[in-house]
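**Q** Order-wise, the sequence lines are chains C and G. Here this note's numbering is used: position 263 in the first sequence is 263, and no number is missing along the way. Here this note's numbering is used: position 117 in the second sequence is 117, and no number is missing along the way.
To be clear, the hints were calculated from the coordinates, so they are not data collected in a lab. Heads up, a few of these hints could be off.
Stated by the list, open to error - Straight line, CA to CA, 20 Å or less: simulated SDA-like cross-link-like pairs of lysine to any residue:
(1) Lys7(C) x Thr220(G)
(2) Lys171(C) x Pro46(G)
(3) Lys7(C) x Leu226(G)
(4) Lys166(C) x Ser18(G)
(5) Lys166(C) x Val43(G)
(6) Lys42(G) x Ala179(C)
(7) Lys312(C) x Tyr302(C)
(8) Lys7(C) x Ala219(G)
(9) Lys42(G) x Ser168(C)
(10) Lys171(C) x Val198(C)
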Amino acid sequence: MKIYPYKRLGRPIALRVTSVALELADGTREPLDTSAYSTQQQAVALGVAGHDWVSAVIGVSATLPPGADAEDAPWSDLRVLAVLTDGETNIRTSTALTRDTDDSRDWSGSLEIYRDDHLGRASLAAYAVATVDGVAGRSIAETDRSWTVDTVSDEPVAGLQLEVQKASFTKSSREWLRAYADAPWIVDTSARVPTVFVNSDVDGIVGLLDSSASGVESKVRDLLVAQMATDVWTAVFHGAIGDLEVEPGGTPVFPTDWQGEVLREMLPDVVPGVHVEEALRQVHRRRTGDAGWAELQTRIHYAAIRRAEASKALGYAIRSLEQANRESEK
Amino acid sequence: MITQPDHVPERLALLPASAADPFITEQLLKAEQVHGGVDLAKVVVPLPEDDARWDVEPIRSLVEDAMFEFRDDRTRADAWLAPRLHATLRLTRREAADRRLWTHIALAVAPDYVAWRHLPPPTAQNGARRIAPERFQGPADRQCFSRLWWAAELFRNGADYEPVQVACGNQDLIHTVLRRDLIDHRPTAQALVRLVRNGKVTTGREINGLSVAITAAGATLVYDVLAPDEPRDLTPLRDWIAEAQTAPPVSRHVLPEGPDEDPVPEASVDALTDYFLELFETAPVRGTKIDS
Chain C
1 MKIYPYKRLG
11 RPIALRVTSV
21 ALELADGTRE
31 PLDTSAYSTQ
41 QQAVALGVAG
51 HDWVSAVIGV
61 SATLPPGADA
71 EDAPWSDLRV
81 LAVLTDGETN
91 IRTSTALTRD
101 TDDSRDWSGS
111 LEIYRDDHLG
121 RASLAAYAVA
131 TVDGVAGRSI
141 AETDRSWTVD
151 TVSDEPVAGL
161 QLEVQKASFT
171 KSSREWLRAY
181 ADAPWIVDTS
191 ARVPTVFVNS
201 DVDGIVGLLD
211 SSASGVESKV
221 RDLLVAQMAT
231 DVWTAVFHGA
241 IGDLEVEPGG
251 TPVFPTDWQG
261 EVLREMLPDV
271 VPGVHVEEAL
281 RQVHRRRTGD
291 AGWAELQTRI
301 HYAAIRRAEA
311 SKALGYAIRS
321 LEQANRESEK
Chain G
1 MITQPDHVPE
11 RLALLPASAA
21 DPFITEQLLK
31 AEQVHGGVDL
41 AKVVVPLPED
51 DARWDVEPIR
61 SLVEDAMFEF
71 RDDRTRADAW
81 LAPRLHATLR
91 LTRREAADRR
101 LWTHIALAVA
111 PDYVAWRHLP
121 PPTAQNGARR
131 IAPERFQGPA
141 DRQCFSRLWW
151 AAELFRNGAD
161 YEPVQVACGN
171 QDLIHTVLRR
181 DLIDHRPTAQ
191 ALVRLVRNGK
201 VTTGREINGL
211 SVAITAAGAT
221 LVYDVLAPDE
231 PRDLTPLRDW
241 IAEAQTAPPV
251 SRHVLPEGPD
261 EDPVPEASVD
271 ALTDYFLELF
281 ETAPVRGTKI
291 DS
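Make the full structure from the sequences, and use the hints.
**A** This is the structure:
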């Protein structure tokens, strides 16, 4: 928990996206239906129109926690801002929201986002700002979890997204894949989004992955996917830890792109029981220090297995094998 | 020292990290030997044919002029090249955030410049000198060309590149500040430049102390309220990018002009400069002695 040297609201702001409309290249405006955003995932997907959009207008509504307007509140000049940031393109734009009615706790407004300003994902947060103890611009409450605005995806999902590409490793125009011709899949974490290349030269692998069959085949497919996912999570974790920026004092900084998302998600399983910031420091110390890196591998592997839901996939695969065996014995 | 590859492409392209990796050899990092260029050309992702922005020649000639002009003091090349690279290679931020473009420039177009600028100088201790691989392919604030482009993008004041020259003239400023998201707020970037220009903050230690203090204060203060900026408008940038199709080469002697955007509101820069100065005077700077 953070300690602030001034009075604040005790609870976070609730932020909701209420509408999304795209401005297309031909000048027309296309309102998106509610499938473009998800309150549960806190995510907006602007990619539904493909590459044709130029800008998007996102309508938002923020509800302040109780107490913001209390008679005896120690602040004045209350304002609410929606702030959009993108660590990849260094964009920061803020929009003032307006109070719905005089005595309402709801503030709303809309912000414009340009496709040319983003390559992948941006975050959207809200701040309540006021003058406290004579100091202007103090933040007295924020959203505790930002919304994700994905400028590429057509599905509003907050978590890490992987790209899966199928390619013949021996014939691909990506010449570097040829070195891995005997592997069924490899993970590339150096791309902008972690990518799994599936080797279509392996007989039947593409058919198996794409199959919509039920029964044993689907369980084997899920097991294979879980195995790939375990590889991916392990690789992205190592990739993210290996690329950490370190402040002059030696403190590692959370990356702003997907690597940061991966670390925040996995660190609680890698170093349980401490804040993610402290967990990151510990992991970084072990990797760069003399001891403890090898010992940590088991925990990293464990965190990857949990993310990949490998136990569940294995459990179902074994059960369906047992069933199949029983039936063949009949 | 290496020269340019035998085969330099005519057009810029995208070079994915995994494809670039085999070309970043130990000999290249030691500036002893560079690839021939032909094999590298096979693994790139081409950019659209009909866009003059992807011509290699204007960039190649810029870096050659920089190497000649600053042959005696290569760190000074940054302040000269940053605005000129930015005005030559007119990009949206979306395009500039694609690291594959910068990797291609560093490896295929001008590896000799990367070596010239970033091979550590010989000292008694470092017998085996080596360029950091991140100068060819790496984070935006470290890679040889993307750090200059982003410094120009984040420190320019609308069309005016003069603040970029000041910022890039101080290695500590771009080294420490570029990696932090605090300068994503234009008034903050301009206030920092003003402090450096006025000589209020100069050494690396001071700049670092100040940027730590600004970030710490920013955890409780919303700078957008203290120092509001103009709303973002992409029209001038789009026009400027469209003009790239017919633009003449940038002047080597006077500063070019950037996109015709509104400058940062002066009142906001004033307010933040005063505030940062106050922060700086009360912030402990590591390693300084307090005069009694």
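**Q** Compare the structure with each hint and give your call.
**A** Hints and how they fare:
no., hint, verdict
1, Lys7(C) x Thr220(G), "holds, 11 Å"
2, Lys171(C) x Pro46(G), "holds, 19 Å"
3, Lys7(C) x Leu226(G), "holds, 19 Å"
4, Lys166(C) x Ser18(G), "holds, 16 Å"
5, Lys166(C) x Val43(G), "holds, 18 Å"
6, Lys42(G) x Ala179(C), "holds, 16 Å"
7, Lys312(C) x Tyr302(C), "holds, 14 Å"
8, Lys7(C) x Ala219(G), "holds, 14 Å"
9, Lys42(G) x Ser168(C), "holds, 17 Å"
10, Lys171(C) x Val198(C), "holds, 13 Å"
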